[in-house]
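Visitor: Here's the letter readout for the chains.
Protein chains: 2
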Amino acid sequence: MLGSETEINDILKGLNQSLLRNLNYKFQLYGYEKAIKKNIEKYKRLINVSEIIHCDSYITMSDKPSDILRSKKNSSMSLAIKSVTENTSDAVLSFGNTGALMSLSLLNIKTLKGIKRPAIASIWPNVKGESVVLDLGANTKLDSRYLIDNSILGASLASILFKIDNPSIGLLNVGKEENKGKEEIKLASDQLNELSRNLSMNFHGYVEGNDISLGRTNVVVTDGFTGNISLKTAEGTAKLFQSHLDDAFKSSILSKMGYFLSSLAMRSVKDRLDPRVHNCGILMGLNSLAVKCHGHSEYRGVSYAADIIFSLLDNNVNKKVSDYVSEMHNKLMN
Amino acid sequence: MLGSETEINDILKGLNQSLLRNLNYKFQLYGYEKAIKKNIEKYKRLINVSEIIHCDSYITMSDKPSDILRSKKNSSMSLAIKSVTENTSDAVLSFGNTGALMSLSLLNIKTLKGIKRPAIASIWPNVKGESVVLDLGANTKLDSRYLIDNSILGASLASILFKIDNPSIGLLNVGKEENKGKEEIKLASDQLNELSRNLSMNFHGYVEGNDISLGRTNVVVTDGFTGNISLKTAEGTAKLFQSHLDDAFKSSILSKMGYFLSSLAMRSVKDRLDPRVHNCGILMGLNSLAVKCHGHSEYRGVSYAADIIFSLLDNNVNKKVSDYVSEMHNKLMN
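Quick note, the sequences are listed as chains R and X, same order. Residue numbers are given in the working numbering: position 16 of the first sequence equals residue 16, and the series is strictly consecutive. Residue numbers are given in the working numbering: position 233 of the second sequence equals residue 233, and the series is strictly consecutive.
Where hints are given, some of them may not hold.
Using 25 Å as the maximum straight-line C-alpha spacing, the simulated BS3-like pairs for lysine-lysine come out as follows [what the hints assert, rightly or not]:
(1) Lys-256(R) - Lys-256(X)
(2) Lys-13(R) - Lys-239(R)
(3) Lys-128(R) - Lys-239(X)
(4) Lys-116(X) - Lys-64(X)
(5) Lys-180(R) - Lys-116(X)
(6) Lys-250(X) - Lys-128(R)
(7) Lys-110(X) - Lys-180(R)
(8) Lys-331(X) - Lys-319(X)
These are calculated hints, taken from the structure and not from any lab test. Since the model is a prediction, treat every value here as computed from it, not as a measurement.
Kindly generate the complete structure, drawing on both the sequences and the hints.
Guide: The following block contains the structure:
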């Protein structure tokens with residue numbers, strides 16, 4: 001789904017690149033037909049598997065959810081989501097307004113039975129590999145019920161993505177001791193401990209902010225307010241590090257030579273930790289897969305997001321998550 | 001104030017190093033006399049200006065505030081705080097239990113008139129220099145009154161530390177738009193806007209997590225829960241970057257040579273962003289200065305913390321903050 005014209009080229013380039021690794025997929029591209037046609041010409045693989053659906057209207061970053069539901073029924077985002085509910089496509093990838101995507105998905109794709117609200121999950125690099133962190137901004141209210149749902153959704157996503165049976169779950173808090181933190185978090189922790197005793201859930205306990213990057217658990221669960229600020233803090237820190245590093249390498253002739261010699265290895269670090277690459281948010285808890293990328297995504301970020309979608313679809317993500325959620329909720333009620 | 005024996009050497013080495021730059025200060029060292037005497041011998045500058053006060057008891061990391069107030073009246077931390085209230089010292093530097101330091105400071109040093117609870121402020125490196133971020137864990141409850149007090153305290157600290165007249169203040173939120181975030185944050189924003197119109201306060205508006213490292217404002221204000229997680233996320237991200245970088249430089253002979261050539265510049269980046277160096281928390285809103293360092297502080301972190309304390313004392317921090325707070329509160333009431 002392509003809302004604005006400006007970043008279309010990066011989006012098309014990213015999708016085209018992902019097709020190198022994912023041969024059997026097709027695209028429906030929602031947006032301004034002219035702009036898409038102008039840019040898609042140089043991406044031969046993509047042209048061959050794409051259908052362009054022209055949309056006159058699109059949702060802007062400043063549109064409010066209430067306006068969208070009323071007056072933007074034929075926007076690119078609305079039509080793309082409709083295609084999923086009508087089974088003409090399997091997943092939605094959006095580069096637009098997150099709040100609008102949430103509202104439209106909630107209304108049309110709807111949540112899985114037992115799940116009140118979707119959560120946004122992201123895949124974070126850590127020293128051991130990667131972990132799933134959620135919620136990153138869907139629900140900014142701190143609520144123990146959301147935290148438990150997020151744990152269930154996060155665990156099911158991690159088990160599919162990382163191909164592990166029983167992913168460990170950490171609840172983000174300001175300390176590891178049982179008496180730390182807010183009431184809602186303590187309540188969620190008690191209930192998750194109960195679930196771990198009775199069900200096949202692997203609740204590790206509290207984790208702190210630094211544990212995310214240390215890879216202490218496969219899943220880190222938090223509310224959308226804390227998660228959003230934590231994610232953006234990490235992005236900012238990565239940029240700060242990058243900026244100091246660039247300055248350092250320019251600081252003398254010796255260090256310039258040093259950079260030249262180690263540039264290949266340096267580039268691999270940049271790519272692995274670049275927030276522009278790891279920027280996609282997976283809307284969890286819906287009946288179908290919806291993924292959100294930054295509006296200003298670089299092609300590598302787009303390609304990474306498409307790879308994740310294909311990997312999840314290959315692994316039958318909708319059915320697996322739905323089965324896992326209903327299993328957990330059934331056991332919870334017994 | 002030295003609680004446990006294990007890190008004493010790093011603490012003494014750090015204090016000794018800070019004396020190179022701060023010639024006119026004296027120390028009272030609270031802790032096990034034997035352990036201090038054994039380690040202090042090699043630090044000649046420090047020996048000459050230190051008085052060792054032997055303490056039999058110390059507060060552990062697992063002691064609860066309620067127990068401390070009852071049964072640890074002669075602990076190293078209690079006695080060090082007492083020395084400030086009795087004016088035999090000007091500031092407290094602690095490497096111990098943060099909760100205990102908060103409780104004992106609140107009870108003995110007491111808060112400035114108009115300030116309900118102290119906040120923990122930290123100095124964060126950013127792409128433009130440094131900023132003050134608070135609260136980092138003193139008050140985990142989200143309360144608009146705390147956010148406004150934190151803004152006043154943060155601005156007064158930034159004006160002293162960075163020698164600027166009217167530091168800009170950002171309120172940490174999940175978006176820059178006015179309708180974003182929780183009720184308490186919106187309420188605080190409204191009141192800060194009001195203060196900016198009527199008083200000499202420089203409220204910038206909402207900032208997001210990445211704006212901290214980008215140095216968007218001189219002061220970033222948040223609640224203690226979010227601030228603590230944000231700080232630790234940044235620490236974790238810095239460690240992750242460092243760990244990938246170390247691996248990258250070891251990955252080939254070329255990159256090893258590259259590292260050798262650029263090692264001086266690289267070390268400067270590490271030092272500037274090392275969370276072990278920038279780990280001190282300044283307790284703001286008390287009648288006297290109290291500073292908290294990690295229990296496992298490296299000597300460079302200790303030396304950095306001591307430098308900050310001396311700089312604040314040289315600038316008459318207690319009087320300046322107290323004047324600023326009472327000026328703001330007086331105007332608030334009119």
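Visitor: Confirm or reject each hint.
Guide: Outcome of the hint check:
1. Lys-256(R) - Lys-256(X): Distance ~14 Å between Lys-256(R) and Lys-256(X) Cα, so the pair holds.
2. Lys-13(R) - Lys-239(R): holds, 24 Å
3. Lys-128(R) - Lys-239(X): holds, 12 Å
4. Lys-116(X) - Lys-64(X): Given that 25 Å is the threshold and the Cα spacing comes to 21 Å, the pair holds.
5. Lys-180(R) - Lys-116(X): holds, 21 Å
6. Lys-250(X) - Lys-128(R): holds, 17 Å
7. Lys-110(X) - Lys-180(R): holds, 24 Å
8. Lys-331(X) - Lys-319(X): holds, 18 Å
Going down the numbered hints, you'll see the structure goes against none, and every one checks out.
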